[in-house]
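S.K.: This is what each chain is made of:
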Amino acid sequence: MIKSFVLVCGVALAAFGSGSGVQAEAGGKAFAIFFYESPQGFANRTNKESGRYWAKWTGYIGSIQKSGVIESGAALLPPSGSSAGKASLSGYVVVRAKSLKDAQAIARRSPAVDHVEVREVLPMAQHKGAN
Amino acid sequence: MTYCLAYYESAADFERRESSDAPAYWGAWSAYIDALADANVLVRGAGAGLQPPATATVIRGKDIQDGPVVDTREQLGGFVLITVESLDEAISWAQKAPVSGDGAVEVRPVLPPPAG
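Chains as they are written, first to last, in this note's numbering: chain C, 903 to 1033; chain X, 469 to 584.
Hint data in this document are derived by calculation from the structure and do not stem from the laboratory.
Virtual Cβ for every residue (Gly too), placed ideally from N, Cα, C.
Incorrect hints may appear among the rest.
Stated by the list, open to error - Each computed DSS-like pair below joins lysine-lysine, with the alpha-carbon atoms no more than 25 Å apart:
{"#": "1", "chain 1": "C", "residue 1": "K1000", "chain 2": "X", "residue 2": "K564"}
{"#": "2", "chain 1": "C", "residue 1": "K988", "chain 2": "X", "residue 2": "K530"}
{"#": "3", "chain 1": "C", "residue 1": "K968", "chain 2": "C", "residue 2": "K931"}
{"#": "4", "chain 1": "C", "residue 1": "K958", "chain 2": "X", "residue 2": "K530"}
{"#": "5", "chain 1": "C", "residue 1": "K1003", "chain 2": "X", "residue 2": "K530"}
{"#": "6", "chain 1": "X", "residue 1": "K530", "chain 2": "C", "residue 2": "K931"}
{"#": "7", "chain 1": "C", "residue 1": "K931", "chain 2": "C", "residue 2": "K1003"}
{"#": "8", "chain 1": "C", "residue 1": "K1000", "chain 2": "C", "residue 2": "K968"}
{"#": "9", "chain 1": "C", "residue 1": "K958", "chain 2": "C", "residue 2": "K968"}
Unchecked claim - The following label-pair restraints were derived from C-beta to C-beta distances:
{"#": "10", "chain 1": "X", "residue 1": "K564", "chain 2": "C", "residue 2": "E951", "range": "36 to 46 Å"}
{"#": "11", "chain 1": "X", "residue 1": "S498", "chain 2": "C", "residue 2": "R954", "range": "38 to 48 Å"}
{"#": "12", "chain 1": "C", "residue 1": "N949", "chain 2": "X", "residue 2": "A507", "range": "36 to 46 Å"}
{"#": "13", "chain 1": "C", "residue 1": "S965", "chain 2": "X", "residue 2": "G513", "range": "31 to 41 Å"}
{"#": "14", "chain 1": "C", "residue 1": "G983", "chain 2": "X", "residue 2": "K564", "range": "16 to 26 Å"}
Chain C on its own, in the form it takes in the complex (with noise of 0.2 Å):
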């Protein structure tokens, strides 16, 4: 289901889903990847490094969801107060992919961050919090 927030070329993401309505691949595993950026990371967005900035995350959520594994996603705003330097999280995706391994391979591909963590995704039962 495309989520009401349409990745729009070369500008910020929000919220957004598997794309043009390619099939996330079929088997596989779901993964959560989190990313944390430091404070200078978040300053990025906003100053003269913002282009380069948006431009990295923009090409590398598309390759995602040219290779249609993407399943979710969300760029955070930063957190308010300070966090005394620490990173905090900046946004997330959750793929699909058939290891832990091609996980972290996708993982690795991401702009530079502080850290990213993947973490495999519970299989929940269906219910109708679920889609």
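Please arrange chain X on chain C, whose structure you already have, making use of the hints.
M.R.: Then chain X, alone, in the frame of chain C:
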């Protein structure tokens, strides 16, 4: 506005998932997610429960390590996206989450789409 609610849990909380407490643990989360869905605030297909932190991998540049970032006691257990009228409403939903006293919920706005 759309917010991400990220649920952080302690090691003891994660252990409950596998213990005799498991039905109560999962029952509470199921009921909470259903409540979000019933209130029409849950963005469907966007959230996920996560496998425990021991299954995590952390990647820093070229460096890959098994296990989560260790300098925090609480670890991500799951997250949802909700669409609500205000931050107060988002916080109110965060407070209803069945996280234990050892846990926390982080409420963070999702980047809005660009104008034009």
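S.K.: Would you mind marking each hint as holding or not holding in the structure?
M.R.: Here's how the hints hold up against the structure:
The hinted pair formed by K1000/C and K564/X fails the criterion: a straight-line CA distance of about 35 Å is larger than 25 Å. The straight-line distance between the Cα atoms of K988/C and K530/X is roughly 20 Å, inside the 25 Å bound, and the hint therefore holds. With a C-alpha separation of about 18 Å, the suggested pair K968/C and K931/C falls inside the 25 Å cut-off, and the hint holds. Restraint check for K958/C and K530/X: satisfied, since their Cα atoms lie roughly 18 Å apart, inside the 25 Å limit.
For the hint linking K1003/C to K530/X, the alpha-carbon distance of about 14 Å falls within 25 Å, and the restraint holds. Between K530/X and K931/C the CA atoms are separated by roughly 24 Å; this keeps the pair inside 25 Å, and the hint holds. Proximity of K931/C to K1003/C is assessed by CA-CA distance (about 12 Å); at most 25 Å being required, the pair is judged to hold. At roughly 17 Å between alpha-carbon atoms, K1000/C and K968/C fall within 25 Å of each other, so this suggested pair holds.
For the given pair, K958/C sits about 15 Å from K968/C by alpha-carbon distance, which is consistent with the 25 Å threshold. Against the hinted window of 36 to 46 Å, the Cβ-Cβ separation of K564/X and E951/C comes to about 39 Å, which satisfies the hint. The given range of 38 to 48 Å is respected by S498/X and R954/C, whose C-beta atoms sit roughly 43 Å from each other. Between N949/C and A507/X the Cβ separation comes to about 38 Å, which falls inside the hinted range of 36 to 46 Å.
About 21 Å separates the C-beta atoms of S965/C and G513/X, a value inconsistent with the hinted range of 31 to 41 Å. Against the hinted window of 16 to 26 Å, the Cβ-Cβ separation of G983/C and K564/X comes to about 23 Å, which satisfies the hint.
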